[in-house]
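Q: Put together the whole structure using the sequences plus the hints.
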Amino acid sequence: MSRYADLVLTLLAAAFVLALSWAVPWLRFVMTIAIAKGLAVLGILLLLRAGQVSFGHALYLSLAAYVVAFMAARIPEVLLLLPLAAVVAASIGLLVGLFVSRYRAIFFGMLNLALSMVFYSMLDKFYEVTRGGDGIRVPVTSFAGVVLSPDQQSWALLILALVLAVGFGAFVRLYLLSPMGSALSALKTREARLEFMGIPARRILLSAYVLSAFMAGCGGALIALSTRHVTPALAYWTASGELVFIAILGGAGSVFGPFLGALAYELTRTYAAALVADAWQMILGTVLLVVILFAPGGLWGIGRALVVRGRQA
Amino acid sequence: MGWLGDNGMLLGLAMLDGLSYAAAVFMVAVGLNLVFGVMHVLNVAHGSLYAIGGYAAASLSLFLIARGMPPWLSIPSLVVSSAIVGAILGPPIERLLRSVSGQEEVLQLLVTFALFMILEDLQKLVWGVQPVVSDAPVKLLGTIDVPFGRDAIPFTSYQLFLLPGVALVTLIGLAWFLRRTLAGRMIVAVTVDREAARAMGINAGKVMLLTFTAGAALAALGGALASPTTSLVPGIGASTIVLSFAVVATAGLGQIEGAALTALMIGLGRSLAVYFAPEFEVVVPYFIMVSVLLVRPQGLFAVPETRRI
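Just so you know, the sequences run in chain order A and B.
Quick note on numbering: the first sequence equals residues 1 to 313 in the numbering used here.
Quick note on numbering: the second sequence equals residues 1001 to 1309 in the numbering used here.
If you are wondering where the hints come from, they were derived from the structure by calculation, not from laboratory data.
Computed from a predicted model, the values in this text were never measured in an experiment.
Please note that a few of the clues may not be correct.
[What the hints assert, rightly or not] One side only, chain A facing chain B, incomplete, derived with CB under 7 Å:
hint: 1; residue: Val53
hint: 2; residue: Leu98
hint: 3; residue: Arg102
hint: 4; residue: Ile106
hint: 5; residue: Gln281
We put the beta carbon where it would ideally sit given N, CA and C, even for glycine.
A: Printed below as a string of structure tokens:
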């Protein structure tokens, strides 16, 4: 798609989200959470481009959420807390990435899963620090120095989420078009050839990994600020699975995919999850299978195919 | 004596616990290994087969006892139920995996992950979320006093003899089967080079089906054997797949004896943590795995492979 079409689509999507949040006030919260998850999924998409899948990215999301929860009392300012949490997530991402970027495929996926489960059990077991399964309440925070009413705050967070989504979406789009992005796809095709050309494959994967941790951190901070309560469940493997699910559902072909997938997922979950709480993972798994088998481009791919067919007719 | 004198009993208990735990983990890990060898995809749903094997065994033995059957039947019922689980779930999963075998590796992995999500809830729907306890086989075999220094530790014979015994028989049987019998060598041939094996006239599809089913049954047997010693709760599938992956990765893919040693190492490490530093129980297996992989990325016992260019 052309840059112009992408720009129009972005503006339309942002207008749609704002209009829906204005028309149905309680959807504002759902939209914010969806966009926050979309940010983390954008990172999963980057890794998928390299042919790698992480079953543990909830680690960075929950880490940033806990950073917000711990620091909110000392730094009660959204515009400082969010970058701080994201930077912490990215630093841990760098540390972990130095280790996991040596591995590919299943090793990469499972090592991420293992590390996130370690973090989960630490959150769960060290009750004195983390209050275990009860979680921590996030104190009231100001936005740009002003203490807003809960209603205004939720608008501010939604707009912040939208700005981040557009910013990171554009950045990832550029990244994928850049030589770094091409190297990332080459990593998937044949890594050894990349190295023969003198391009350090590990560093290519590592930089994508750190970027993905940073974006997951932004998402996690937004989630903590909107829900105002963090629990270890944020780090559980199902949370990581959810991110991978959204990435495939939305489609890995475009930077719109993660946000489209996240909105579809969160809206469905809001309505359906309570009805089928016991079978929720089962439904997700089935949808995941169906998408992989019959619609590998995800929702974005389906939409695109419809548009293309419409033009031809 | 000092510390050892005070904690000797605890140390002994931890070692015995670790042994029986390692035996169950080994059964799952060795199945995971076999399946990875022939299918070239790590089956994330393997952990669910462990959980379902455990639940099925518990149900069958509770059913037998409720019917007034002699309690000794609960021991063969462990094997029977895991064979049933393997035979019912193995072939359809293998079928599905083979239908996506032409796709990208990451998509194949995601298919097994989707299966894992489905099976986790299926097991909740069938057996509920309340813990299921069936300890007939453990009670049946009674306890035995294990001499440990000056003390004697009462420990169940089930965990001391039956669990490690079955694991040992599996280990020796499998090593013999793979190296000495025609069918076993066919599996090895398909593992090493599927195309070359096909060219020699081996029906690779059949080998994959049988190996997958056997691997599924081994996972179910691991769960069945562990079921009388713990209460079954939702989520054991997830922790089992991560743990058995840790064993397989630490040992190196394709290693059987190596997997046994590693299972023992990780099992002992974990149960020592349970007794002496319970906060770190979950961390210990990964700590062992990460420290091994940092030094030897291909695992303890595997030889590095040449890379494809």
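Q: Please flag the earlier hints that this structure goes against, numbers listed from lowest up.
A: Of the numbered hints given earlier, the structure breaks just one, which is hint 2.
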